[in-house]
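**Q** Next come the chains, spelled out residue by residue.
2 protein chains.
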Amino acid sequence: LDYQHVQVPFEITLWIMLASLAKIGFHLYNKLPSVVPESCLLIFVGLIMGGIIYGLNDRSPPVMDSDIFFLYLLPPIVLDAGYFMPSRPFFENIGTILLYAVVGTIWNVFGIGFSLYGICQVKAFRLQDVSLLHNLLFGSLIAAVDPVAVLAVFEEIHVNEKLHILVFGESLLNDAVTVVLYKLFRSFCEMPTIKSVDVFAGVGKFFVVGLGGVLVGLSFGFTAAFTTRFTKDIRVIEPLFVFLYSYLSYLTAEMFHLSGIVAIISCAMGMKRYVEANISLKSHTTVKYFMKMWSSVSDTLIFIFLGVSTIGENHEWNWPYICFTVIFCLVWRALGVLVLTFFVNRCHVNTITSKDQFIIAYGGLRGAICFSLVFLLPDFHRKKLFIAATTVVILFTVFVQGMTIRPLVDLLAVKRKRESAPTVGEQIHIRFLDHLLAGIEDISGHWGQYYWKDKLEYFNSKYLQKILLREYDQPKSSIVLLYEKLERKHAIELAQAGQLGHGLAHPSFLCSAFLCSSSDRTVITDQKLEDTPNPDVLDNMQEILARNLYRIRRTGPAYNRHTLPGDSEPTEQAKEILILRHKSL
Amino acid sequence: LDYQHVQVPFEITLWIMLASLAKIGFHLYNKLPSVVPESCLLIFVGLIMGGIIYGLNDRSPPVMDSDIFFLYLLPPIVLDAGYFMPSRPFFENIGTILLYAVVGTIWNVFGIGFSLYGICQVKAFRLQDVSLLHNLLFGSLIAAVDPVAVLAVFEEIHVNEKLHILVFGESLLNDAVTVVLYKLFRSFCEMPTIKSVDVFAGVGKFFVVGLGGVLVGLSFGFTAAFTTRFTKDIRVIEPLFVFLYSYLSYLTAEMFHLSGIVAIISCAMGMKRYVEANISLKSHTTVKYFMKMWSSVSDTLIFIFLGVSTIGENHEWNWPYICFTVIFCLVWRALGVLVLTFFVNRCHVNTITSKDQFIIAYGGLRGAICFSLVFLLPDFHRKKLFIAATTVVILFTVFVQGMTIRPLVDLLAVKRKRESAPTVGEQIHIRFLDHLLAGIEDISGHWGQYYWKDKLEYFNSKYLQKILLREYDQPKSSIVLLYEKLERKHAIELAQAGQLGHGLAHPSFLCSAFLCSSSDRTVITDQKLEDTPNPDVLDNMQEILARNLYRIRRTGPAYNRHTLPGDSEPTEQAKEILILRHKSL
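Same order as they appear, the protein sequences are chains A and B.
For reference, each letter of the first sequence is one residue, going 1 to 585 in UniProt numbering.
For reference, each letter of the second sequence is one residue, going 1 to 585 in UniProt numbering.
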């Protein structure tokens with residue numbers, strides 16, 4: 001037996017296996033995941049495993065290594081989040097999101113830091129040795145909402161799109177602020193005196209970290225798109241480039257102390273549309289599938305490790321400090337959301353309701369990022385207290401808030417995501433309005449989002465597409481692309497319906513379809529055609545059948561980390577088509 | 001700048017990126033890969049890079065770490081080989097393959113070892129300090145044909161299926177022999193005296209290593225199949241299990257000093273048919289795609305590293321030893337093939353021609369496995385000589401033999417792979433003959449391959465399928481499965497043809513199809529149907545159209561590491577259908 005030789009890959013594989021099997025286990029019992037979020041279950045599994053390891057070895061189980069977390073576990077999740085980010089609501093609310101992410105996070109950091117410092121002044125609590133700087137440092141790591149935790153909970157409760165993107169976008173973009181403040185306070189802690197220059201440098205640094213991240217991400221994204229122009233003869237390695245370039249963007253940003261999360265998101269959003277156009281359909285399926293798979297596994301591992309790392313002797317317990325940390329986290333976030341939303345609502349017509357505000361405040365979950373950051377703190381005598389407080393905050397937010405948020409959403413009747421995707425009519429209407437508004441903004445001289453969007457679109461079609469796309473002859477409108485997609489999907493469904501018919505059908509033809517492509521549109525007509533149909537009759541039939549047979553499928557930006565869009569539908573739709581056929585015969 | 005922090009993943013990513021870009025680069029110039037095999041080009045890139053590193057740093061570039069090779073680079077390639085292994089020719093020729101792999105390899109090891117020992121006795125060569133055991137040890141690592149090198153060359157020359165599987169199968173299965181002999185001689189080298197017991201233990205060990213590998217592989221394979229029964233609700237992690245279980249089988253086998261290559265191949269071949277039936281179509285595309293991608297990258301990296309590692313000061317040059325090594329490698333292999341084939345041909349009706357024998361002997365390429373094994377040798381004073389000899393043998397076989405084998409195949413007019421896949425008629429015929437031969441063997445009491453195949457099939461459908469498959473109602477015959485696949489493919493093509501028609505078609509309907517599913521078969525009929533067609537006319541039409549529209553597509557076991565079957569065809573086929581339609585209108 002030679003275990004040493006294979007130890008590293010063997011243990012990694014076993015951990016991933018454990019995570020995957022745990023996932024399967026939960027989904028075998030359908031009732032469990034509908035009550036308890038998966039993240040809680042996974043932490044619970046981790047706690048049990050940690051307990052077993054602790055019991056057997058009689059020493060603390062290994063804590064999650066911060067390097068492993070930041071270098072290997074976090075990037076897949078963020079990449080997935082960025083790649084499948086619904087870009088329209090994101091850019092529509094970018095102002096609000098940035099306000100929450102930047103000002104809100106700063107507010108929380110200082111709020112929590114100063115008020116905890118206040119608590120430390122109470123002599124009875126015996127915390128007077130915790131300095132203001134240390135409290136602020138702790139505030140900077142505990143203030144940031146965690147994208148992994150937010151995603152894990154919010155993807156299951158299906159709140160309306162705007163609410164979702166506000167919480168989710170904030171959790172992603174606050175990384176830049178967290179990085180800056182955390183590093184700033186950590187270096188302040190080690191400095192003998194702090195000059196005002198350093199503070200200003202910190203403010204300047206924020207812009208460097210955030211915008212630098214965007215820049216690094218976009219340049220890698222465009223390089224990726226450019227590279228996929230040349231993969232026509234060697235399709236199998238296409239998916240690789242998507243992963244390699246985005247990972248490189250993350251690592252490069254981390255290397256220069258920029259925000260890796262911001263970089264990888266910009267990279268993914270930047271390359272998506274060009275890469276999709278360049279690579280083959282199968283490559284794209286692989287990219288999507290693998291991204292989902294990877295992020296799903298990463299996220300499972302993170303929560304399990306979180307549970308395992310909780311067990312052990314890393315904690316110093318101090319009731320007042322820990323309790324007040326939890327309370328301040330809740331209070332300052334609530335206050336921050338209230339104040340910021342007040343200003344946001346004054347500038348917008350489409351306001352954020354008080355119910356939505358409550359969910360935004362309540363959805364401020366903390367997770368593995370705080371946990372990794374607290375272990376990265378330089379050693380000082382109260383580090384274990386900070387670890388304990390962070391662990392309690394994470395467990396509190398994930399378990400208590402995570403488990404109660406769904407009933408609360410039900411109770412408050414928060415506006416949900418619309419179940420049906422927008423119809424083609426609606427989509428055309430939206431597109432038309434966009435152009436109209438861009439025109440109005442241009443004429444009135446108000447450079448709003450529509451103006452910039454239009455300019456960007458122009459720049460894109462004029463320059464970027466020519467450089468980055470392989471076959472650039474004329475831009476296909478998204479309506480045409482949608483039609484092509486539907487057509488392809490429908491064809492597959494027809495084939496499947498034919499198979500489904502084996503059992504039900506009488507020996508003659510049951511399922512029959514008539515694919516008819518006219519020059520500008522492709523619709524499905526029935527078989528009952530005369531030998532020489534005149535064009536009018538044909539058009540009429542096409543229309544009737546288009547109405548009956550096509551229900552425009554979901555094309556909306558439904559985000560779910562564990563399923564790919566339209567994963568389970570085909571059989572149902574095929575059945576529906578079968579029934580419709582049956583009637584028409 | 002904080003490079004240390006991200007160094008490991010950054011450098012790995014960069015190496016993979018380099019490999020992928022090199023691959024794209026070669027395929028941009030279509031002429032190059034048709035003359036020089038990709039493996040040679042990659043080694044050449046590696047040599048240049050090694051030279052640059054050597055020139056800049058003034059010390060030897062890092063050699064390929066044997067652990068990295070065996071733990072991370074080799075498994076994907078072998079997994080891919082096992083998963084896409086054409087099982088019919090493999091099992092039909094399993095006896096011959098095993099003979100070549102076991103007896104042939106032993107023959108080569110002892111042949112090369114003893115004759116090199118003979119060379120060492122010549123005083124003029126100053127090699128008298130190389131003992132017999134060291135020569136045998138060297139023989140055991142240099143004798144084995146390398147699957148990676150063989151694949152890289154043979155997939156480009158398209159020899160007939162039997163010849164391909166003979167060389168390829170041998171290169172895979174000789175791993176068990178290599179492992180045993182290499183470890184045996186290495187331990188002998190360290191022993192003071194060798195007892196005859198140890199020799200017998202070595203012989204017994206061979207069966208343990210080989211059969212143990214098969215057993216480990218099959219058990220992991222069946223566990224994988226069993227696991228995928230329960231992934232219905234969580235499709236995205238399905239592909240993961242294929243990779244995790246096969247990797248675990250490899251690592252487990254390595255841990256117990258069994259043959260990892262044999263294990264992973266058994267695992268892949270064992271799970272394939274059940275996993276394919278259990279997982280969704282998209283998951284399966286992802287599995288196939290990712291396997292190809294991974295093995296493609298691994299193989300690229302191996303050849304680049306091989307080139308890089310060649311540069312440096314690891315070599316001790318001794319003309320006679322090195323030249324005779326190359327000569328003995330060629331001579332003993334040729335002799336072995338001749339002798340073994342003589343016996344094989346006496347037992348078989350379908351003999352191996354002398355041309356095929358020549359290619360088998362000539363196709364005995366050495367590669368990265370030898371290279372890694374020679375670096376794993378315990379330190380002794382002539383290790384650098386062995387490294388030099390191994391490097392020369394590898395470069396000689398890959399460059400000289402690899403580059404001349406294609407012209408030789410052309411020159412000798414070796415029987416090529418048939419271009420067209422077998423028709424459905426042929427397939428039915430083969431199936432029928434199988435049953436017939438199984439019956440004859442059963443009656444005559446001769447337990448040949450057909451008898452065992454039949455028994456295995458019975459066992460499979462009686463027990464295995466019930467346990468391992470999710471939806472086990474009735475076994476679909478492969479003809480039905482083929483039809484379903486064709487139907488699906490055809491539907492997609494129709495949709496694409498509709499799109500293709502945009503440019504060509506006149507405004508009325510150009511592309512029209514009529515999918516008609518009767519209870520037992522699904523064929524495509526034309527549009528010109530009367531309103532109430534009588535069954536005879538319908539049948540007739542179905543037949544005509546089935547003949548005209550369907551050309552049975554390749555379903556054969558064409559093996560290529562860099563492309564997935566049917567990757568580039570669809571558009572052409574769609575065009576063909578369009579043209580046929582055009583005529584019929």
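These are calculated hints, taken from the structure and not from any lab test.
Please note that the accuracy of each hint is not assured.
No distinction is drawn between identical chains; accordingly, a pair holds when it is met within one copy or between any pair of copies.
DSS-like mimics (lysine-lysine), calculated; alpha carbons at most 27 Å apart, straight line [said to hold, decoys possible]:
hint : residue 1 : residue 2
1    : K453      : K162
2    : K462      : K383
3    : K195      : K453
4    : K417      : K232
5    : K232      : K489
6    : K232      : K31
7    : K123      : K384
8    : K415      : K123
9    : K183      : K466
10   : K205      : K415
11   : K453      : K31
12   : K282      : K272
13   : K383      : K415
14   : K455      : K162
15   : K232      : K485
16   : K183      : K455
17   : K355      : K485
18   : K205      : K232
19   : K282      : K123
20   : K282      : K232
21   : K232      : K384
22   : K466      : K384
23   : K272      : K355
24   : K123      : K453
25   : K489      : K162
26   : K417      : K485
**Q** Give a verdict on every hint.
**A** For each hint, the structure was consulted:
1. K453 <-> K162: within (19 Å within a copy, 61 Å between copies)
2. K462 <-> K383: Intra 55 Å, inter 62 Å, cutoff 27 Å: neither.
3. K195 <-> K453: neither (42 Å within a copy, 83 Å between copies)
4. K417 <-> K232: between (39 Å within a copy, 25 Å between copies)
5. K232 <-> K489: both (24 Å within a copy, 21 Å between copies)
6. K232 <-> K31: Answer is between; shortest inter-copy Cα gap is 16 Å, intra-copy 46 Å.
7. K123 <-> K384: Close inside one copy (20 Å), not across copies (72 Å); limit 27 Å.
8. K415 <-> K123: Neither: 47 Å inside a chain and 93 Å across chains, both beyond 27 Å.
9. K183 <-> K466: neither (41 Å within a copy, 59 Å between copies)
10. K205 <-> K415: Neither way: K205 and K415 sit 39 Å apart in one copy and 69 Å across, limit 27 Å.
11. K453 <-> K31: For K453 and K31, the Cα distance exceeds 27 Å both inside one copy (44 Å) and across copies (45 Å).
12. K282 <-> K272: Answer is both: 15 Å inside a copy and 20 Å across each meet the 27 Å cutoff.
13. K383 <-> K415: neither (42 Å within a copy, 74 Å between copies)
14. K455 <-> K162: Cα proximity of K455 and K162: one copy only (24 Å, versus 62 Å across).
15. K232 <-> K485: Both: 21 Å inside a chain and 25 Å across chains, each within 27 Å.
16. K183 <-> K455: Result: close neither inside a copy nor across copies, 37 Å intra and 68 Å inter.
17. K355 <-> K485: neither (38 Å within a copy, 51 Å between copies)
18. K205 <-> K232: Neither, since 42 Å and 48 Å both go past 27 Å.
19. K282 <-> K123: Close neither inside one copy (66 Å) nor across copies (63 Å); limit 27 Å.
20. K282 <-> K232: Both: 13 Å inside a chain and 21 Å across chains, each within 27 Å.
21. K232 <-> K384: Answer is neither: 55 Å inside a copy and 43 Å across each miss the 27 Å cutoff.
22. K466 <-> K384: Neither, since 56 Å and 54 Å both go past 27 Å.
23. K272 <-> K355: For K272 and K355, the Cα distance exceeds 27 Å both inside one copy (34 Å) and across copies (52 Å).
24. K123 <-> K453: Result: close neither inside a copy nor across copies, 57 Å intra and 84 Å inter.
25. K489 <-> K162: Answer is neither; intra-copy 29 Å and inter-copy 40 Å both fail.
26. K417 <-> K485: Within one copy only: 24 Å inside a chain, 37 Å across chains, cut-off 27 Å.
Hint compliance for this structure: hints 2, 3, 8, 9, 10, 11, 13, 16, 17, 18, 19, 21, 22, 23, 24 and 25 are broken, all remaining hints hold.
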